[in-house]
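Q: The task is simple: from the sequences and hints, build the whole structure.
If you're matching them up, the sequences are chains A and B in order.
Sequential numbering of the first sequence, starting at 0, is according to numbering that gives the first Met the number 0.
Sequential numbering of the second sequence, starting at 0, is according to numbering that gives the first Met the number 0.
No wet-lab data here; the hints were simulated from the structure.
Just to be clear, a hint being listed does not mean it is correct.
Pairs involving identical chains hold if they fit within one copy or between any two copies, as the list cannot separate such chains.
Said to hold, decoys possible - Under the rule of at most 25 Å between Cα atoms (straight-line distance), these lysine to any residue pairs were calculated in the SDA-like manner:
1. K204 / G165
2. K123 / G173
3. K84 / P197
4. K85 / T170
5. K85 / N35
6. K123 / G206
Protein chains: 2
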Amino acid sequence: MIDTKKKILDSAQRLIGSQGYAATSVRHIISEAGVNLAAIHYHFGSKEDLLAAIIARKADLVNKERMTLLDRLESEAGAGPLSVKKVLEAWFLPMAEAADGDPGFVLLMGRLMSEGMLQTIVEKHFREPAERITGALRRSLPELPDEEFRWRMHFMFGAMAFTMCGRSEFTGIGGDTRDFGGRIDRLITFLIAGFHAPVSSAGRKEGKR
Amino acid sequence: MIDTKKKILDSAQRLIGSQGYAATSVRHIISEAGVNLAAIHYHFGSKEDLLAAIIARKADLVNKERMTLLDRLESEAGAGPLSVKKVLEAWFLPMAEAADGDPGFVLLMGRLMSEGMLQTIVEKHFREPAERITGALRRSLPELPDEEFRWRMHFMFGAMAFTMCGRSEFTGIGGDTRDFGGRIDRLITFLIAGFHAPVSSAGRKEGKR
DNA sequence: GTCTATACTGAGATAGAC
DNA sequence: GTCTATCTCAGTATAGAC
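A: Shown next, in the form of structure tokens:
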């Protein structure tokens, strides 16, 4: 049956999202999905490729929406300046919309960004949109030295990863993805201020090189 | 010999720091350390306990220094306000000092925070200092609504995790921990601005509850 | 007290029958 | 397309040598 694939995808997304990739065995996935062990390898090739398939079925939609919003933003701005806020919204709001219909997906994405063992998959689906938003933000913040800007992007991705999956060790904030829109609102507010911070002293040294 | 333990700890820190916990097998560790497979279980009990031992030998020093700095800060401030900048420095500078003498340690810590599969270990060593800094920052930012403040702490930990281990997928920033002091300087600048950002609209709704 | 050799269990992956 | 049997390698446990 063709919905063997779908059953595997759904079970895997739920289990990996809630327990993590390493902690979820393919045997657990197949027993929840009610399919045979070899079905995963027949339909997807490997555990890692299964993960890639879960991402693929949603990520491309989210990224397409991101691109559309960025396109509109840039054409509206013409040669003028881009607003940091608008650029960040173009990046984060499509993810928040995806979370509305499918909370498990955002949880999973956050875990993957955090666990970081899946660079290949993440790079494949997110390199292009990540470069787009990096370029747009760079244009919004022309006065920042290069390294300073790159580090602020890095901080943003770190905060984003934790926001998506929730990590309760320190703050008691867990993996409940209800009201994902609210978190995104808080995150964007935080990031706008961070990006507009004065250049650090390490950044000022950099400028003098 | 007693330095069987040390050889294992050193090899494990290096390998897990550069490849991640799941990707590093105990057989790889023992072959690099030149010891027998069972030595890990004799000296440490399990792979996870080995990791706990690596953290224990450094983390307590770092945390003690953090506590000392926070103590001094609070006694100097008396009943007056605490500076966000000073509190963040008390948190981050001891880690930067540790990185000076032992770059592998910071890399490992960043990976662990990111991978997040080791809640027990992280909680054991960092719950108390994390609560201290949370309290101190809360006192510096009395005007923020509770949830807003908690989320900003969360963003901070996310940015911190990525800063320590470097995640090259998006920004090209890798695991090279030279000039860790410089990163910390940039991070603190970014965070100060983020913490001082105006309350988000989600936060304003929260206040009205 | 330390270390070695080896066996056990469960993981992901694969070949081949149907 | 699906299932069974099997392979390899992981972490773990233990018996016994020094």
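Q: Should K85 paired with T170 be assigned to within, between, both, or neither, using CA atoms and 25 Å as the limit?
A: between (29 Å within a copy, 21 Å between copies)
Q: Checking an output row: K204 and G165, CA cutoff 25 Å. Within, between, both or neither?
A: Between copies, since 21 Å is at most 25 Å while 35 Å is not.
Q: Between the shortest in-copy and the shortest cross-copy C-alpha distance, which are at most 25 Å for K123 and G206: within, between, both, or neither?
A: Answer is neither: 33 Å inside a copy and 41 Å across each miss the 25 Å cutoff.
Q: Between copies, within a copy, both or neither: which fits K84 and P197 at Cα up to 25 Å?
A: Intra 17 Å, inter 14 Å, cutoff 25 Å: intra and inter.
Q: Up to 25 Å between alpha-carbons, please classify K123 paired with G173: within, between, both or neither.
A: between (28 Å within a copy, 18 Å between copies)
Q: Have a look at K85 and N35 and pick one of within, between, both or neither, based on CA distance no larger than 25 Å.
A: Neither, since 47 Å and 58 Å both go past 25 Å.
Consistency note: the structure conflicts with the earlier hints numbered 5, 6.
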